[in-house]
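Participant: Sequence:
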Amino acid sequence: MRAYLQFIRPCSKHPVAFLPGWRTHTLILFCSIAMSSLDASEYESGSFSFSLGMDYSSGDYGLAADTEMLYLPATLEYSQFPWRLAITIPYLRITGPGGVIGGNGGGIIVKDDTDRRSNRGGSGGETPTLRTQQGLADIVTSLSYALDPLWNLPYAVDLIGEAKLATADAEKELGSGSNDYSLQLNMAATQGRLTPFFTLGYRLMGDLPQMELSNVSFASLGLDYRLSRSLYSGISFDYRQAYSATAAELREWVAYLNWEMDNSWSINGYGVAGFSNASPDAAVGIQLRYAR
Numbered sequence: 001m002r003a004y005l006q007f008i009r010p011c012s013k014h015p016v017a018f019l020p021g022w023r024t025h026t027l028i029l030f031c032s033i034a035m036s037s038l039d040a041s042e043y044e045s046g047s048f049s050f051s052l053g054m055d056y057s058s059g060d061y062g063l064a065a066d067t068e069m070l071y072l073p074a075t076l077e078y079s080q081f082p083w084r085l086a087i088t089i090p091y092l093r094i095t096g097p098g099g100v101i102g103g104n105g106g107g108i109i110v111k112d113d114t115d116r117r118s119n120r121g122g123s124g125g126e127t128p129t130l131r132t133q134q135g136l137a138d139i140v141t142s143l144s145y146a147l148d149p150l151w152n153l154p155y156a157v158d159l160i161g162e163a164k165l166a167t168a169d170a171e172k173e174l175g176s177g178s179n180d181y182s183l184q185l186n187m188a189a190t191q192g193r194l195t196p197f198f199t200l201g202y203r204l205m206g207d208l209p210q211m212e213l214s215n216v217s218f219a220s221l222g223l224d225y226r227l228s229r230s231l232y233s234g235i236s237f238d239y240r241q242a243y244s245a246t247a248a249e250l251r252e253w254v255a256y257l258n259w260e261m262d263n264s265w266s267i268n269g270y271g272v273a274g275f276s277n278a279s280p281d282a283a284v285g286i287q288l289r290y291a292r
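Residue 1 is where the sequence shown starts when you use the working numbering, and the numbers rise one by one after that.
If you're looking for bench data, these hints aren't it; they were derived computationally from the structure. There are no misleading hints in this set.
List time: in silico DMTMM-like cross-link candidates among lysine to aspartate or glutamate, alpha-carbon distance up to 25 Å:
| id | residue 1 | residue 2 |
| --- | --- | --- |
| 1 | Lys172 | Asp66 |
| 2 | Lys172 | Asp281 |
| 3 | Lys172 | Asp112 |
| 4 | Lys172 | Glu212 |
| 5 | Lys172 | Asp207 |
| 6 | Lys172 | Asp60 |
| 7 | Lys172 | Glu68 |
The model shown is predicted, which means the values in this text are computed figures rather than measured ones.
Produce the entire structure from the sequences given, and follow the hints as far as they go.
Facilitator: Here it is in structure tokens:
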């Protein structure tokens, strides 16, 4: 969840908020719903956007030592209302005791107890050996369609299909080594300065060589607030089912701030607090986006 998500209003140049998305952290963008009432015929020509991001996270994930991750995604989007196509090509660096698989569009994967014990170091309370792995992470593609024009709805409803491609080196634990697929529904409705939003989805998880993963449902509930014409802030709570009997559910709070510098450029920052062994203890990130 927080897989790659954007409300594809005709105002696709104006994201309201930026949230982490690939850990669920591929980039989640919310478009300015306030302009969704404009006639879509005014936006028949397509538009491109490009963004660069940085996400840093740290957590123990139930292991004996913390795992730190640096995720650097580059995203290219093409929007022609009511469609939007996006591809994210990320670079990932992981430092930790091993057993934590990053760069997965559906969230962090922690290997089972046998693998965890093998990374706890020797007996007698020895410090676990840390290692650093880096390289190309899993590429994520998505296709979105705005449903609300079909029924002339007063709020935004988008349907998003996503594919996480197994392009990362699974032996380095930069990816799972298998493809994942998800389908999700996003809803948002603006009331003055406030925009409550909601996501509900389902992800088909590819298995690991040593571990069978269950498919999972996920959800997100949040509120966006327009501070000024160019500044937005918000908060959301994200949830994902456990992918195995030994794994934890994902639970985390996200707070963000988005500044639209002009009609083309925007910069977004966020912080994350995790509340389970499937989430980092904390994460921060930033994204610079250009649209034309």
